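Sequence lines, in order, name chains C and F. Take the numbering used here: the last position of the first sequence gets the number 387, and nothing is skipped along the way. Take the numbering used here: the last position of the second sequence gets the number 734, and nothing is skipped along the way.
Among the clues, some could well be false.
[What the hints assert, rightly or not] A few chain F positions that, by computed beta-carbon distances, are all more than 12 Å from chain C: (1) R394; (2) P507; (3) D515; (4) Q573; (5) M593; (6) R625; (7) D629.
[Unchecked claim] Restraint ranges, calculated between C-beta atoms of paired labels, are given here: (8) G470(F) - D71(C): 24 to 32 Å; (9) P485(F) - L150(C): 36 to 44 Å; (10) R335(C) - R732(F): 29 to 37 Å; (11) P265(C) - A548(F): 55 to 63 Å; (12) A689(F) - H166(C): 28 to 36 Å; (13) R732(F) - I201(C): 51 to 59 Å; (14) I201(C) - P604(F): 29 to 37 Å; (15) A680(F) - D71(C): 27 to 35 Å; (16) W363(C) - S652(F): 49 to 57 Å; (17) P604(F) - L143(C): 14 to 22 Å; (18) D71(C) - A414(F): 29 to 37 Å; (19) T338(C) - R605(F): 45 to 53 Å; (20) R302(C) - A548(F): 32 to 40 Å; (21) V125(C) - P704(F): 47 to 55 Å.
No lab work stands behind these hints, which were simulated from the structure alone. Remember, it's a predicted structure, so these values are computed and weren't measured experimentally. Glycine is no exception: its CB is placed at the ideal position from the N, C-alpha and C atoms.
In case you want the letters, here they are:
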Amino acid sequence: MITGVGAFRLALRCDRGGRVAEIVEDAGGLGARLACGESIEALAPPEGLERMRAFLEALAVPPASGCWRIDVARPGDPAATMPLYFTGGAHRDGLLVVAAESEAHAAEALDALTPIAAPPRDGGVYEKLSAMNNELATAQRALAKSHAELRRLDEQKNTFLGFAAHDLRNPLDVILTYSQYMLDFAPEPPSPKNRELLEVIRGSSLFMVELIDDLLDLAKIEAGRLALDLVSTDLGAVARKNGALNGRLAERKETRVVVETPAEPIVARIDPARVEQVLNNLVGNAVKFSPPGSEITVRVTRGDGAAIVSVTDQGPGVSPAELDAMVEPFATRGRRGTGGEKSTGLGLAITRKVAAAHGGRLWVEPAPGGGSTFHVAFPLQGPEDPA
Amino acid sequence: MADESARRAGQLLGARRRALAERMAAAPGHDAAGEAERRADAEHHLANLAEAMAAAQPPLFEEYVAWARTRLVGRGAPDEDLGRTLDAIAAALRDALPADAADVAARYLDAGRRRLATRPAPPPSFLDAAAPYGDLARAYLEALLDGARHEAGRLVLDAAAGGVPVRELYLHVLQPSQREIGRLWQVNQITVAQEHYCTAATQVVMSQLYPLVFATPRIGRTLVATCVAGDLHEIGARMIADFLEMEGWDTFYLGANAPTADVVSTVRDRRADLLAISATMTAYVGEVRALIAAVRSDVATAGVKILVGGSPFNVAPDLWRQVGADAVAADAASAVTAAADLVPRTA
Chain C
1 MITGVGAFRL ALRCDRGGRV AEIVEDAGGL GARLACGESI EALAPPEGLE RMRAFLEALA
61 VPPASGCWRI DVARPGDPAA TMPLYFTGGA HRDGLLVVAA ESEAHAAEAL DALTPIAAPP
121 RDGGVYEKLS AMNNELATAQ RALAKSHAEL RRLDEQKNTF LGFAAHDLRN PLDVILTYSQ
181 YMLDFAPEPP SPKNRELLEV IRGSSLFMVE LIDDLLDLAK IEAGRLALDL VSTDLGAVAR
241 KNGALNGRLA ERKETRVVVE TPAEPIVARI DPARVEQVLN NLVGNAVKFS PPGSEITVRV
301 TRGDGAAIVS VTDQGPGVSP AELDAMVEPF ATRGRRGTGG EKSTGLGLAI TRKVAAAHGG
361 RLWVEPAPGG GSTFHVAFPL QGPEDPA
Chain F
388 MADESARRAG QLLGARRRAL AERMAAAPGH DAAGEAERRA DAEHHLANLA EAMAAAQPPL
448 FEEYVAWART RLVGRGAPDE DLGRTLDAIA AALRDALPAD AADVAARYLD AGRRRLATRP
508 APPPSFLDAA APYGDLARAY LEALLDGARH EAGRLVLDAA AGGVPVRELY LHVLQPSQRE
568 IGRLWQVNQI TVAQEHYCTA ATQVVMSQLY PLVFATPRIG RTLVATCVAG DLHEIGARMI
628 ADFLEMEGWD TFYLGANAPT ADVVSTVRDR RADLLAISAT MTAYVGEVRA LIAAVRSDVA
688 TAGVKILVGG SPFNVAPDLW RQVGADAVAA DAASAVTAAA DLVPRTA
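Between the sequences and the hints, there should be enough to build the whole structure, so can you do that?
This is the structure:
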């Protein structure tokens, strides 16, 4: 109850528009005809309406409205009016409005009621816990929804990438074939200047083919369509064959590829074509970034249920932290080899994913005397075989 | 018009219910110890009376009286207590309301007393072993009541992994279990703590099913679903959002207690085709009406189709029209049909 004196006191909780939500106190029956949802303007006779609206506008501007004298209809005698003092302020997400017979009583009533007119405190701890749980569940639902949406977009992106790469590949083959023809088989050999230009066209086209093949591979892997053709294979034999092929590439840069495999075969369940791709990427990178005269070593060892291929170079060296960044697609794009070679920026990303598809992994260690060793482990049993 | 005077009387009472509840709880002749509980009970009675009157729907109050009797008898209150409380409310309203409004209230209270005189029985169990997945629902609930939420969750997730559609799990396992939990609380067989535990566990299970829910190709229609302010019983509305998500709708669930302005701005920003509003008790019907009025009064959202649901709409079949909605749905499955009717596919 309000402590002030006077027969007429009215306290209302309203929304911000002045519509009544609750009659907190009504001594003297001033609000006897006020209903939920009705504007407190209903208290004022026609001649007091404008002032009541001005008061409501003042209430909308915190912190305080001040005290307003407004004539209202006298209870029991609607033809007569009586002066009443209105004050109020923001309260929860609405307004608290108090009216009394004097300015002092109105101010006192507002002070007394502000804490009392708080929402009922029966919303106990269980309700609060429920509310928090609801919020968490709602947030989790929004996350799950956005996760599903992102996955859908990612699939779309991979499909698009696959189509785009495939459609680019065909015209490139035409450019490659015709530039090759003009270089080697045209009835009139090109002039030295034109030969140079044709070499550039051919070299650029070859790089684009490499890039597109990598993109197609990556799109396939990311769309979960990398089907491994697992065969029990001696990894040493794969490494030796690959070393011989890449050795020729290395010779052009005055580097040497040395393959070290144990006498006993190390047989693992692998997809030989994909493992060859891994070796091409790792040895290709080593050749690309090694200084002339240096040596690249490919070792095959057995360890911890896995066959491990390790490629050591004498290049600038890569730390494990740098590798984490380098396995992101396009992270090494634009990085040039020691002979000016370009990089698609996709080789390491593909290598890591091929290793993971086998149930294996890729990691790097500094090599003694500078350079790095890239290791790839392939489980001997293969990814889906029983242990 | 009788309906209009009932509405007016309900709104008059609605504005005074808390002050009245306080006065009734503090009345002489009661011990001080139970005052808070008496006040909460009285306010609940008055809120339901006011909303039934404001909706001009006596059955809403009669149904509430039957519900309250079960709840109070379950807590060990003498059978005649509620009748006495209704008399006390009638007397208090004679002083607090204008005579015409008090007369209306008296008619609603009489209808409540008549219902009370039939000694309404507690509702029967919501679980039926013969119903589809009845055994699974029973096992799920029993695990929850044992406090074994992981075990309960595993039962449902295993069924989903075994090919039982999420819709069936919602309709035949989670929904009846939640209703049964509410019933067990009403008849005082479980505590409020157990009720909240079970509900939280069900929400976790639903979220674990989300990878299956959010997997349908989109059909280009958008739903915003919400409970009204104050209503924490939100699983029903969440189920409706999930059902429409599984139909390919884009759904935005605002949860319990969403402020009106947020609902309006979400409907506007998401260009929603449909707004689904849930109110699980009569006391929240006024909030539904106010929310719909706010949505209709904003030019950007005035045209959105509105679907309502919840227990009061099942008790009073024409209440949905009266609050300004376009349709009503009794459960998540019928919400799908109603949504398709309200927002037909264009192409």
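Now the hints, each set against the structure:
1. R394: Not fine: 9 Å to the nearest Cβ puts R394(F) too close to chain C.
2. P507: 25 Å, holds
3. D515: Answer for D515(F): holds, closest chain C Cβ roughly 28 Å.
4. Q573: 16 Å, holds
5. M593: Nearest chain C Cβ is 8 Å from M593(F), so the label is violated.
6. R625: 7 Å, violated
7. D629: 8 Å, violated
8. G470(F) - D71(C): 24 to 32 Å: 46 Å, violated
9. P485(F) - L150(C): 36 to 44 Å: Cβ of P485(F) to Cβ of L150(C): about 60 Å, so the range 36 to 44 Å is violated.
10. R335(C) - R732(F): 29 to 37 Å: 52 Å, violated
11. P265(C) - A548(F): 55 to 63 Å: The hint (55 to 63 Å, Cβ to Cβ) is violated, given that P265(C) and A548(F) are roughly 42 Å apart.
12. A689(F) - H166(C): 28 to 36 Å: Given a distance of about 49 Å, which is not inside 28 to 36 Å, the answer is violated.
13. R732(F) - I201(C): 51 to 59 Å: Roughly 53 Å apart at Cβ, these two residues keep to the hinted range, so it holds.
14. I201(C) - P604(F): 29 to 37 Å: 44 Å, violated
15. A680(F) - D71(C): 27 to 35 Å: Holds: the Cβ-Cβ distance is about 31 Å, inside 27 to 35 Å.
16. W363(C) - S652(F): 49 to 57 Å: Given range 49 to 57 Å: holds, Cβ gap about 50 Å.
17. P604(F) - L143(C): 14 to 22 Å: 21 Å, holds
18. D71(C) - A414(F): 29 to 37 Å: 36 Å, holds
19. T338(C) - R605(F): 45 to 53 Å: 51 Å, holds
20. R302(C) - A548(F): 32 to 40 Å: 38 Å, holds
21. V125(C) - P704(F): 47 to 55 Å: For P704(F) against V125(C), whose Cβ atoms are near 37 Å apart, the range 47 to 55 Å is violated.
Figure legend: structure checked against the earlier numbered hints; hints not met, in rising order: 1, 5, 6, 7, 8, 9, 10, 11, 12, 14 and 21.
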